[in-house]
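Each chain, written out:
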Amino acid sequence: MTLYVGKREALEDAFIGRDDEMPRGKPRSVTRDAMRRLRANKAAMAALFVFAFIVLAAIFGPYLIPYDYETPDWNAFTAPPSIESGHYFGTDQNGRDLLARTLYGTRVSLLVALIATAVSVFVGVLYGAVSGFAGGRIDAAMMRFVDVMYALPYILFVILLMVMFGRNVFLLFAAIGLLEWLTMARIVRGQTLSLKEKEFVEAARAAGVSSFPIILRHIVPNLVGPVVIYASLTIPEIVITESFLSYLGFGVQEPLTSLGTLISEGTDAIGAADWLLFFPGGVLVTMLLALAFIGDGLRDAFDPKDR
Amino acid sequence: MAETLLSVEHLSTVFSLRGRSLFAPNVELKAVSDVSFSLEKGETLGIVGESGCGKSTLGRSILRLIEPTEGRVVWQGKSLTDLSAGEMRKARRDLSIIFQDPVASLDPRMNVGQIIAEPLKVAEPSLSRKERRERVEKVMEEVGLAPEMINRYPHEFSGGQAQRIGIARAIVTEPKLIVCDEPVSALDVSIQAQIVNLLKALKQRMGLTLIFISHDLSVVRLVSDRILVLYLGRVVEIGPRRDVFANPGHPYTKALLAAAPIPDPKIARQREKTPLRGDPPSPIDPPSGCAFRTRCPIARDVCAEERPPLAEVGAGHHAACLFWEEVRADPAIAG
Amino acid sequence: MVMATRMDTQALLALSDYTIRFTTPDGTVKAVNGLDLTVEPGETVAVVGESGSGKSQTFNGVFGLLAGNAETSGEALFEGRDLLKLSPRELDKVRGADMAMVFQDPMTALNPAMKIKHQLAETLKVHKGLKRREAEAQALAMLKTVGIPEAERRIEQYPHQLSGGMRQRVVIAMALLCRPKLIVADEPTTALDVTIQAQILDLFRDLTADAGTALVLITHDLGVVAGIADKVVVMYAGRIVEEAGVDALFARPAMPYTAALIRSIPRVDRDAEAVEPIGGRPPDLIHPPSGCPFHPRCRFAEDKCRRERPPLAEIEPGRRAACWFPFIDATSATGEAIRSSETLDG
Numbered sequence: 001m002t003l004y005v006g007k008r009e010a011l012e013d014a015f016i017g018r019d020d021e022m023p024r025g026k027p028r029s030v031t032r033d034a035m036r037r038l039r040a041n042k043a044a045m046a047a048l049f050v051f052a053f054i055v056l057a058a059i060f061g062p063y064l065i066p067y068d069y070e071t072p073d074w075n076a077f078t079a080p081p082s083i084e085s086g087h088y089f090g091t092d093q094n095g096r097d098l099l100a101r102t103l104y105g106t107r108v109s110l111l112v113a114l115i116a117t118a119v120s121v122f123v124g125v126l127y128g129a130v131s132g133f134a135g136g137r138i139d140a141a142m143m144r145f146v147d148v149m150y151a152l153p154y155i156l157f158v159i160l161l162m163v164m165f166g167r168n169v170f171l172l173f174a175a176i177g178l179l180e181w182l183t184m185a186r187i188v189r190g191q192t193l194s195l196k197e198k199e200f201v202e203a204a205r206a207a208g209v210s211s212f213p214i215i216l217r218h219i220v221p222n223l224v225g226p227v228v229i230y231a232s233l234t235i236p237e238i239v240i241t242e243s244f245l246s247y248l249g250f251g252v253q254e255p256l257t258s259l260g261t262l263i264s265e266g267t268d269a270i271g272a273a274d275w276l277l278f279f280p281g282g283v284l285v286t287m288l289l290a291l292a293f294i295g296d297g298l299r300d301a302f303d304p305k306d307r
Numbered sequence: 001m002a003e004t005l006l007s008v009e010h011l012s013t014v015f016s017l018r019g020r021s022l023f024a025p026n027v028e029l030k031a032v033s034d035v036s037f038s039l040e041k042g043e044t045l046g047i048v049g050e051s052g053c054g055k056s057t058l059g060r061s062i063l064r065l066i067e068p069t070e071g072r073v074v075w076q077g078k079s080l081t082d083l084s085a086g087e088m089r090k091a092r093r094d095l096s097i098i099f100q101d102p103v104a105s106l107d108p109r110m111n112v113g114q115i116i117a118e119p120l121k122v123a124e125p126s127l128s129r130k131e132r133r134e135r136v137e138k139v140m141e142e143v144g145l146a147p148e149m150i151n152r153y154p155h156e157f158s159g160g161q162a163q164r165i166g167i168a169r170a171i172v173t174e175p176k177l178i179v180c181d182e183p184v185s186a187l188d189v190s191i192q193a194q195i196v197n198l199l200k201a202l203k204q205r206m207g208l209t210l211i212f213i214s215h216d217l218s219v220v221r222l223v224s225d226r227i228l229v230l231y232l233g234r235v236v237e238i239g240p241r242r243d244v245f246a247n248p249g250h251p252y253t254k255a256l257l258a259a260a261p262i263p264d265p266k267i268a269r270q271r272e273k274t275p276l277r278g279d280p281p282s283p284i285d286p287p288s289g290c291a292f293r294t295r296c297p298i299a300r301d302v303c304a305e306e307r308p309p310l311a312e313v314g315a316g317h318h319a320a321c322l323f324w325e326e327v328r329a330d331p332a333i334a335g
Numbered sequence: 001m002v003m004a005t006r007m008d009t010q011a012l013l014a015l016s017d018y019t020i021r022f023t024t025p026d027g028t029v030k031a032v033n034g035l036d037l038t039v040e041p042g043e044t045v046a047v048v049g050e051s052g053s054g055k056s057q058t059f060n061g062v063f064g065l066l067a068g069n070a071e072t073s074g075e076a077l078f079e080g081r082d083l084l085k086l087s088p089r090e091l092d093k094v095r096g097a098d099m100a101m102v103f104q105d106p107m108t109a110l111n112p113a114m115k116i117k118h119q120l121a122e123t124l125k126v127h128k129g130l131k132r133r134e135a136e137a138q139a140l141a142m143l144k145t146v147g148i149p150e151a152e153r154r155i156e157q158y159p160h161q162l163s164g165g166m167r168q169r170v171v172i173a174m175a176l177l178c179r180p181k182l183i184v185a186d187e188p189t190t191a192l193d194v195t196i197q198a199q200i201l202d203l204f205r206d207l208t209a210d211a212g213t214a215l216v217l218i219t220h221d222l223g224v225v226a227g228i229a230d231k232v233v234v235m236y237a238g239r240i241v242e243e244a245g246v247d248a249l250f251a252r253p254a255m256p257y258t259a260a261l262i263r264s265i266p267r268v269d270r271d272a273e274a275v276e277p278i279g280g281r282p283p284d285l286i287h288p289p290s291g292c293p294f295h296p297r298c299r300f301a302e303d304k305c306r307r308e309r310p311p312l313a314e315i316e317p318g319r320r321a322a323c324w325f326p327f328i329d330a331t332s333a334t335g336e337a338i339r340s341s342e343t344l345d346g
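Chains as they are written, first to last, in full-length UniProt numbering: chain L, 1 to 307; chain Z, 1 to 335; chain V, 1 to 346.
It is possible that part of the hints are untrue.
[To be verified] So the derived label-pair ranges between C-beta atoms look like this:
1. L:R18 <-> Z:E40: 30 to 36 Å
2. V:K93 <-> Z:A329: 53 to 59 Å
3. V:E79 <-> Z:R300: 40 to 46 Å
4. L:R32 <-> V:A209: 51 to 57 Å
5. L:R144 <-> Z:F15: 23 to 29 Å
6. V:A209 <-> L:A40: 50 to 56 Å
7. V:G42 <-> Z:D330: 46 to 52 Å
8. V:R89 <-> L:A40: 31 to 37 Å
9. L:S211 <-> Z:E40: 51 to 57 Å
10. L:R36 <-> Z:A85: 39 to 45 Å
11. V:A209 <-> Z:R277: 15 to 21 Å
Keep in mind that the hints were calculated from the coordinates and are not lab data. Beta carbons are placed, not taken as given, at the ideal position from N, Cα and C, and that holds for glycine.
Please construct the entire structure, taking both the sequences and the accompanying hints into account.
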């Protein structure tokens, strides 16, 4: 029974064994795996290129064309698109170049969406993770607050904010971001509830790591998948919200413009100058479609089981 | 004289479950009831029982990963249960745990190096990055992994390798006590033996004390010096390994032994059918008296009336059965 | 390649040159390779192997349950009909009626939103064309047969209201309803406690003895098969490496892998300081080793083992092994080595 006391060497070598067969290839983190799957998704990659093109055009386009977005061309009022005049998208009733205005409008819309999404991700993830991880009464109180916020009528809230922030568009959309985080917080809280029961979180607690570092090091990184997916769905939502508010006259004010404002103006000119609706509308639809495909691709990439 | 490292005194852990409807009162589930035992340095205590018997809760209550409701856990003379959260975090470097599911216990977003280094960061924050890496590589060697794996991610490994990573994390702070919660039950039999042998070798090398929780009696027999049998959260038998296996004092232990498969067709065919019928009763509403009486082959009327105390049935061997003499007189199944 | 004499006219299930390949982005997984295996009526066959040995895939293929990227070739004759050539509709008729499968996780086989009664009765209505009342009566009788206490109450419940062991009994009852000739149980007790495992194994033993049903028990644990199997088939890297009657296999394993498997099981009836593990781990099925697939982990491997793959050959009547140096008689050198290491046990 004590046969191996005198043979410890044998016990160590043959009986413990080593299990050091290296996995093949390069180290594959979860994110790297997801990116590999995303690259294999042709629709998502094409959409990514289209979206990247729109973003680059919105950033650099205005510097490359001879017209700017607010100076009227006295030779061309309500001019249809033409190659000779250099007004590729035509001009509006005030003689302003539509291409320049569309590029500028896209830039404003994207910026607004980016700010609002960033705010909603930051607040939503932190709020949701803390609420889910704390659990119990704290969780209940934090989630009831979210419910109350949900119950506020959206438009009423926006009008209130308008009164508070006046005409500052970017502050207004930061505030819209503060509304968007509600759904993000709920999603994150749900994920956190299941994550905190995982053994690796227990292992961290057993090692003496305190709560906030656990949230930052173990919970938040594991939320990347759902957060990225939801954020990619939030961007188009905010672009639409912005368009809607601008359409109602709450959003961006002249001479500054956005896709929503342009479309609103375009609808007034339907029949007389169709291009005023067609071009900004086309850009908006293309952008939303591209974002939808990217969001879809990301979901498949981060959640391969769901396919 | 060996020193007593850990003593658990009348430990109980009660969970409060929400009632079935909104207005129904909360229900109490006594997962661990009045458990006492002590552990000497260098000893391995095997805790066995069916699922739901509270063995995992007991292990976690000792480490205060679940707060016990009553009783004390005395660790090297100090009462763990009275420590503040900060003091407890400091004490954790001496106390470690290994989990059942090797893959779920590793954070999928961290690489092996980060996983193993985490307890070290808490226990010895003064270490430089380089020193920490050296320590991590050293324990990887120790558990039979190649140090080159340090940049790899958990999902790239097999179950056996993942469990070795979990063990490396558990020993990196050079703890004194490790609670092993079903460390091999998720693995193939052929890999189980590697991990069990590794744990035994580490124990010898580092002078560890182990609490080994498992539902598999054959693995427990292989690693333990003493055995503790739990039934519905209560200790029904505790004693030295050889005595418990050769001549159990509780009919439940006996039934567990009879149910464990034996890899020998001749013996296996001769064995009688398992005397145990059905599942253990619900811990929310345990039977009166002896909790095992509803499944016990030798239960009598008195068993329903009072809970049998732990009686000394041999040297350091206790069993909670009124008729332990009868149980021990009957020839044991496993010799 | 086929060495053992097959009696196709009598065998209930006969696999020959049965092969399964999976196409994955990383390469082709050679999951099952040219398998020859027969199951006789009423026989209990244990199929044993580590994870990734192809033991489960083999029978998932027989039941037509493989993933979309799988490709099957060879023959799988059930009572003389090739299951691989049946249309999905014809296969559905055989499945459930003449052969049934029991999985490790009973919840995969049960619909969580349906009462036990309806799930069981449905099988009978579909396969036997019984009326509801009669189907439910038979279902109740079957629940009693598999030893479910208070069957009248349980049959009105939903799966989540039952314990794990009870659910597995329900699944077994479901498999037995149409009196199949073959039951394939894939790790039916792995998720259960030892005490429940013993009850389920007792149940299987009684059922096969009473009804003459053939049982294929797929498991990674040789320990559980000792008391129940007639014949044991050991699989490794998608191939059969040894096949023998249960007594002969445990008493005199012919192939080093089988011997190592037996020695790696800790025993509840003996004191031991250590058990001998099998070093390394199962091979990569995309890039399997040359020669004998077990040679990288085999301590008796010689040059020949590394170069050529040993065929599955009959080494004594009724026994097959795929090894260049099988331990047939106790006097062979390797046999001595194997036996001498048995001193490890106390």
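Here is what the structure says about each hint:
no.: 1; hint: L:R18 <-> Z:E40: 30 to 36 Å; in the structure: holds (32 Å)
no.: 2; hint: V:K93 <-> Z:A329: 53 to 59 Å; in the structure: holds (58 Å)
no.: 3; hint: V:E79 <-> Z:R300: 40 to 46 Å; in the structure: violated (54 Å)
no.: 4; hint: L:R32 <-> V:A209: 51 to 57 Å; in the structure: holds (55 Å)
no.: 5; hint: L:R144 <-> Z:F15: 23 to 29 Å; in the structure: holds (25 Å)
no.: 6; hint: V:A209 <-> L:A40: 50 to 56 Å; in the structure: holds (53 Å)
no.: 7; hint: V:G42 <-> Z:D330: 46 to 52 Å; in the structure: violated (36 Å)
no.: 8; hint: V:R89 <-> L:A40: 31 to 37 Å; in the structure: holds (35 Å)
no.: 9; hint: L:S211 <-> Z:E40: 51 to 57 Å; in the structure: violated (34 Å)
no.: 10; hint: L:R36 <-> Z:A85: 39 to 45 Å; in the structure: holds (42 Å)
no.: 11; hint: V:A209 <-> Z:R277: 15 to 21 Å; in the structure: holds (20 Å)
Violation of the numbered hints given earlier is confined to hints 3, 7, 9; the remaining hints are satisfied by the structure.
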